[in-house]
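Enquirer: Sequence:
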Amino acid sequence: MGTVSSIRIEEGVRVDPDRVLRLAARLGRIDAAHLISATRQDLIEQFARIELAVGQGDAGQAAWTAVEVERLADQVGMIGLARVARDLQDCCARDDRPALEAVTARLIRIGERSLSAMGVLAGRRG
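Position in the sequence shown (from 1) plus 9 gives the number in the numbering used here.
Just so you know, the hints here were simulated from the structure itself, not pulled from any lab data.
Watch out, some of these pointers could steer you wrong.
[What the hints assert, rightly or not] Pair by pair, the computed Cβ-Cβ distance ranges are:
(1) Ala57 - Gln84: 17 to 23 Å
(2) Asp105 - Leu30: 17 to 23 Å
(3) Asp27 - Ala47: 16 to 22 Å
(4) Gln65 - Pro26: 23 to 29 Å
(5) Thr12 - Trp73: 41 to 47 Å
(6) Asp83 - Ala108: 35 to 41 Å
Note that the Cβ used here is the ideal one computed from N, Cα and C, for glycine as well.
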């Protein structure tokens with residue numbers, strides 16, 4: 010019998026702090042903080058929609074929702090999350106179910122960590 014190994018997944022979160030600063034300069038600190046807060050809530054909802062769509066085997070809905078995640082993430086500088094959302098769209102286009110499930114799990118992991126990082130940045134900036 011072989012040995013069972015546990016693999017610890019550590020993925021870096023990429024948030025562009027300069028984009029947060031540009032938002033604050035363009036919108037004002039209070040409005041930028043409100044935009045970031047609203048975007049965080051929207052992303053949480055989109056993550057739930059993606060998980061539901063993937064669970065139901067609806068790659069079309071998952072792809073459409075991943076486009077929205079990419080747009081929202083780009084808007085507030087979550088560049089790593091935007092990249093994973095594009096990867097998810099590619100998996101949907103290829104109709105690659107195993108990859109779709111793996112990338113969905115990655116999107117949720119990166120998403121949760123990005124939301125935490127953005128909360129810290131927003132708190133410092135706003």
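Enquirer: Tell me, which hint numbers fail for this structure?
Expert: Numbers 2, 4, 6 - these are the hints that the structure violates, sorted from lowest upward.
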